[in-house]
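Throughout the sequence shown, residue numbering follows the numbering used here, covering 1 to 162 in sequence.
Incorrect hints may appear among the rest.
Label pairs and their computed distance ranges (CB to CB) [what the hints assert, rightly or not]:
#, residue 1, residue 2, range
1, K83, T18, 35 to 43 Å
2, R84, S119, 19 to 27 Å
3, R112, A91, 13 to 21 Å
4, G98, H30, 17 to 25 Å
For the record, the hints were derived by calculation from the structure and aren't laboratory data. Even for Gly, the Cβ is constructed at its ideal location relative to N, Cα and C.
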Amino acid sequence: MAGQGTPATALLGKLGITHSVHAYDHDPRHGSYGAEAAQVLGVAPEQVFKTLVAAVDGRLTIGVVPVAGQLDLMALAAAAGAKRASMAEVAAAERATGYVTGGSSPLGHRKRLPVVIDSSALRFGTVYCSAGRRGLEIELAPADLVRAAAAVVADIAAPGRG
1 MAGQGTPATA
11 LLGKLGITHS
21 VHAYDHDPRH
31 GSYGAEAAQV
41 LGVAPEQVFK
51 TLVAAVDGRL
61 TIGVVPVAGQ
71 LDLMALAAAA
81 GAKRASMAEV
91 AAAERATGYV
101 TGGSSPLGHR
111 KRLPVVIDSS
121 ALRFGTVYCS
131 AGRRGLEIEL
141 APADLVRAAA
151 AVVADIAAPG
161 RG
């Protein structure tokens, strides 16, 4: 797909992982990138995953949770074998991943970062996550996402705020 190549899609191609790329016109007025993706693509928010960067005992770590939920920082720390976690500074996250906020993918980071994917992803035949740009989503099997990200799977999502 011309114009839709990103480090994330390049990694999937290199690994030979079957995936689909879905592009849509991102509305900068929308309040939530992930909720917008679910709405535009017509899929349940539980099936669309957001990529969040946290500082886990001082080391940047990726947490991947459904857009309908929130990242449980204590659970992320536990899954990473650490004691504490806090959300990373935006500039540090963008520098390490190579992606801008709202377009962060769990794949193809500038620096090798540990990735933890919420176990709820395994309930679906396919899941959606950012391809590395706002308005660009990857659809793939959850096991393939785990493999491509060399991720740990754990219960790291907390219910979203109503």
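Tested hints:
1. K83 x T18: 35 to 43 Å: holds (38 Å)
2. R84 x S119: 19 to 27 Å: For R84 and S119 the Cβ distance comes to about 22 Å; the hint holds.
3. R112 x A91: 13 to 21 Å: holds (19 Å)
4. G98 x H30: 17 to 25 Å: holds (23 Å)
In summary, the structure agrees with every hint in the numbered list given earlier.
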